[in-house]
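J.: Chain by chain, the residues run as shown.
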Amino acid sequence: MNRAALLVLADGRFPAGGHAHSGGAEEAITAGRVRDVADLREFCRGRLHTSGLVAAGLAAAAATGYDPLLLDEAADARTAAPALRRTSRRLGRQLLRAARATWPCAELDDLAATRPGGAHQSVVLGLTARGAGLLPVDAAYAAAYESISGPVAAAVRLLRLDPFDATAVLAHLAADIDHVAAQAAEAAQHVHTDGVAALPAASAPLLDLTAEQHATRPARLFAS
Amino acid sequence: MSRAAVPSPPTPAPASTPASTPASTPTSASTPTERATPTERAVVGVHATARIRAARAGGTTVVPVLSGDGPFDLRRGRAHGDQARVCVLGTMTAPLGGDRLHIEATADHAAHLRITTAAATIALRGPTTAHATYDVHLRVAEHASLHWLPQPLISAARSNLRQSCTIDLAPTARLLLREEIVLGRSGEPPGRLSTRLSVRRDGRPVLEQQTGYGPGAPGWDGPAVLAGHRAVGQILIVDPALDRHPPRARLFGDNPATGQAVLTPLAGPALLITALAPDTMRLRRLLDAAHPIP
Amino acid sequence: MHLHHSDTSPDGHTHGPNGSGGSGGSPQRPGGRRALRVGLGGPVGSGKTATVAALCRTLRGELSIAVVTNDIYTREDAEFLLREAVLPAERITAVQTGACPHTAIRDDISANLEAVEDLEERLGPLDVILVESGGDNLTATFSKGLVDAQIFVIDVAGGDDIPRKGGPGVTTSDLLVINKTDLAPHVGADLEAMARDAKAQRGDLPTVLTAVKSTGGITPVAGWIRERLTAWTACPA
Numbered sequence: 008m009n010r011a012a013l014l015v016l017a018d019g020r021f022p023a024g025g026h027a028h029s030g031g032a033e034e035a036i037t038a039g040r041v042r043d044v045a046d047l048r049e050f051c052r053g054r055l056h057t058s059g060l061v062a063a064g065l066a067a068a069a070a071t072g073y074d075p076l077l078l079d080e081a082a083d084a085r086t087a088a089p090a091l092r093r094t095s096r097r098l099g100r101q102l103l104r105a106a107r108a109t110w111p112c113a114e115l116d117d118l119a120a121t122r123p124g125g126a127h128q129s130v131v132l133g134l135t136a137r138g139a140g141l142l143p144v145d146a147a148y149a150a151a152y153e154s155i156s157g158p159v160a161a162a163v164r165l166l167r168l169d170p171f172d173a174t175a176v177l178a179h180l181a182a183d184i185d186h187v188a189a190q191a192a193e194a195a196q197h198v199h200t201d202g203v204a205a206l207p208a209a210s211a212p213l214l215d216l217t218a219e220q221h222a223t224r225p226a227r228l229f230a231s
Numbered sequence: 084m085s086r087a088a089v090p091s092p093p094t095p096a097p098a099s100t101p102a103s104t105p106a107s108t109p110t111s112a113s114t115p116t117e118r119a120t121p122t123e124r125a126v127v128g129v130h131a132t133a134r135i136r137a138a139r140a141g142g143t144t145v146v147p148v149l150s151g152d153g154p155f156d157l158r159r160g161r162a163h164g165d166q167a168r169v170c171v172l173g174t175m176t177a178p179l180g181g182d183r184l185h186i187e188a189t190a191d192h193a194a195h196l197r198i199t200t201a202a203a204t205i206a207l208r209g210p211t212t213a214h215a216t217y218d219v220h221l222r223v224a225e226h227a228s229l230h231w232l233p234q235p236l237i238s239a240a241r242s243n244l245r246q247s248c249t250i251d252l253a254p255t256a257r258l259l260l261r262e263e264i265v266l267g268r269s270g271e272p273p274g275r276l277s278t279r280l281s282v283r284r285d286g287r288p289v290l291e292q293q294t295g296y297g298p299g300a301p302g303w304d305g306p307a308v309l310a311g312h313r314a315v316g317q318i319l320i321v322d323p324a325l326d327r328h329p330p331r332a333r334l335f336g337d338n339p340a341t342g343q344a345v346l347t348p349l350a351g352p353a354l355l356i357t358a359l360a361p362d363t364m365r366l367r368r369l370l371d372a373a374h375p376i377p
Numbered sequence: 010m011h012l013h014h015s016d017t018s019p020d021g022h023t024h025g026p027n028g029s030g031g032s033g034g035s036p037q038r039p040g041g042r043r044a045l046r047v048g049l050g051g052p053v054g055s056g057k058t059a060t061v062a063a064l065c066r067t068l069r070g071e072l073s074i075a076v077v078t079n080d081i082y083t084r085e086d087a088e089f090l091l092r093e094a095v096l097p098a099e100r101i102t103a104v105q106t107g108a109c110p111h112t113a114i115r116d117d118i119s120a121n122l123e124a125v126e127d128l129e130e131r132l133g134p135l136d137v138i139l140v141e142s143g144g145d146n147l148t149a150t151f152s153k154g155l156v157d158a159q160i161f162v163i164d165v166a167g168g169d170d171i172p173r174k175g176g177p178g179v180t181t182s183d184l185l186v187i188n189k190t191d192l193a194p195h196v197g198a199d200l201e202a203m204a205r206d207a208k209a210q211r212g213d214l215p216t217v218l219t220a221v222k223s224t225g226g227i228t229p230v231a232g233w234i235r236e237r238l239t240a241w242t243a244c245p246a
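Residue numbers (this note's numbering), protein chains in the order written: chain A, 8 to 231; chain B, 84 to 377; chain C, 10 to 246.
By construction, these hints were calculated from the structure, which means they are not laboratory data.
Predicted, not measured: the structure shown is a model, and the values here were computed from it.
From the three backbone atoms N, C-alpha and C, an ideal C-beta is built for every residue, glycine too.
Be a bit skeptical, because a hint or two may be false.
Said to hold, decoys possible - If we take Cβ atoms under 8 Å as the criterion, some of the chain C residues that face chain A in the derived model are:
hint, residue
1, R84
2, T102
3, A103
4, T106
5, G107
6, C109
7, H111
8, D116
9, D117
10, I118
11, S119
12, E123
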């Protein structure tokens, strides 16, 4: 195993389509709920402990080798907003393309064949981590970090935040990321015996609501 | 019934006491349990279970099982067509810290059942800081329907409640569920509240949702989760007919200050309405606008 | 479950003939090649969308064409093309770029590749797909993973020193279009100097000075596309 693969996978420049998504930050900014660095930090904290935790759990479970199609179904049940399901599948498909070129493996090919429209991003992420020889907890870290690095990058562009302050938000949440990744990896250990019900399902009402709102906006910079 | 009237048994009691006979009035006293050594706080809470079972009988639905102990007082309401109606009366301000409350309701084949509660459920701190649990398990058989329409759950300051609702549906079963949560009585912060809603249809997950609000839940009041709203509610509808006529996502309420709701089709034949509002009155108004429930 | 096993090559990877990865695989034209993908880049207002519109009008009778737009903020470019009815709506797709139009065509081409492949999958074999970038600066270029050839569109009103200044778009694009030559007298642009500077920057790479909105103005650009398509089709897959 090469732990350094985690750096490649979690790098914001990994070409998997994430740059065009704000993780709900654009709509939160449009609605006036995120105006400064302090708001951004609370937005990220909420996202990390809800959809970030869910993604981390699914990714960690996929990295253990658990059936990705069952996890894909579990992701659907944990994603009430159709706009978020569409986004997750689109990003999953884009990640799958990048992953198959970067860490080719039969499991990724099989998933691409059975889910040509895209599997959920978190499931693909976990399977990619597995293909790259990483551990379930590494997959959880990548998913947890991804859940807030996108909103921070988007907020820098949308609010013209000082990039140093914005990056400090990510550093400030490092302990939270640790906690979420550990929680997710721990839950994923039980998936083989208890099924997908063992995985986190934390929801954030506003993320669901604003995802649908954002999808109706005629003018937007980010796809989600 | 009051808690003070309930004597603490000298030995640990079973976790719950299933009522042996159907009853429409409270059965025996609740069953507080004693845990560990006598030096610790003796009473850790009430353990109580309510059981409801509806069955089809001719052209109507009967309720052969209707039993509740502890705070649960169950009443048969007047039937509505072929739908039987049951109301859960809370006879005390449960759940308090340490309580273990359980409701099990089943709609058998082709039975139609509607369950309501008479008053809001208020989670309070009680004599201990330990958490209370309030678990609801609903089962709906083939061609049956169940409406679960409790009054709001209020999380009072310093309370600590873990609520869960587990629902198992047969492929042709139908469900209508409305849940409303109020975070804190007026002017006070909420207690700790975690909820889990698990809906399975034919054994497959339809909706799996956890929430964590109040102290200790990171980010719960921030711009990604509630953004200062104190009332949050949902209506969930599962109906095989939605497969043929899937709804489109819709938004309700254009002013974030007075609350907003969204209707979202789920991945299966189901839809979820999620509403956020400053208070319970505006919450209900939004939910009614999205899907009126008579 | 609809399986796409037939799209996967024996080693399990799906790489297009030009090295671009493809998860779904693209329907192939007779002769065994997917559509020729042509990128159009250039500064805001230089006439990229007008060029795309004119190309569609000129070529749609003889070729099967589709367009991907990379609007910066709105769907205006896509909607302009729809309004002008240069192609049926199902042949035009808009991609959001997250405030970074150059990232979407160069550093992370995922969304554009997907849009291109979706068009081919939905519409069947196509001859040409035009990928129009969001208006950006002179450094924006398309990744070879996304397009087979790129056109860079500048205009005389943007300053007649642009060809002299160079930059990746001007120097490396497969075709440089210097647009709005009809405005040259009004803005005091020296067309000869622009042509000379372009030649100096680009060597043998072709440059067209034209006004794409004028009658026949698109002809040299359309002709270049036809040549590229002929070469693309003749090239073994």
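J.: Please verify that hint: R84 (chain C), Cβ, nearest Cβ of chain A, below 8 Å or not.
T.: Hint on R84 (chain C): holds, closest Cβ of chain A at ~7 Å, below 8 Å.
J.: Taking the closest Cβ pair, is D117 (chain C) under 8 Å from chain A?
T.: This hint holds: D117 (chain C) lies near chain A, its Cβ roughly 4 Å from the closest one there, short of 8 Å.
J.: Using Cβ atoms only, decide whether C109 (chain C) comes closer than 8 Å to chain A, and label the hint accordingly.
T.: The hint holds - C109 (chain C) has a Cβ within 8 Å of chain A, the shortest such distance being about 6 Å.
J.: G107 (chain C) was flagged as interface toward chain A. Is the shortest Cβ-Cβ separation under 8 Å?
T.: Hint on G107 (chain C): holds, closest Cβ of chain A at ~4 Å, below 8 Å.
J.: Is the shortest C-beta separation between T106 (chain C) and chain A less than 8 Å?
T.: Since the shortest Cβ distance to chain A is 6 Å, the answer is holds.
J.: Would the hint on H111 (chain C) stand, with a C-beta cut-off of 8 Å toward chain A?
T.: violated, 11 Å
J.: Mind checking the CB of S119 (chain C) against every CB in chain A and telling me if the closest is under 8 Å?
T.: holds, 4 Å
J.: Regarding the hint that A103 (chain C) lies at the interface with chain A, is the smallest CB-CB distance below 8 Å?
T.: violated, 10 Å
J.: Is the interface hint satisfied for D116 (chain C)? The criterion is a beta-carbon contact with chain A at less than 8 Å.
T.: At about 7 Å, which falls below the 8 Å cut-off, the nearest Cβ of chain A leaves the hint on D116 (chain C) intact, so it holds.
J.: Given a cut of 8 Å on the nearest C-beta pair, is the interface hint for T102 (chain C) held or broken against chain A?
T.: violated, 12 Å
J.: Let me know if the C-beta of I118 (chain C) comes in closer than 8 Å to any C-beta of chain A, holds or violated.
T.: Since the shortest Cβ distance to chain A is 7 Å, the answer is holds.
J.: Minimum Cβ distance from E123 (chain C) to chain A below 8 Å?
T.: holds, 6 Å
Consistency note: the structure conflicts with the earlier hints numbered 2, 3 and 7.
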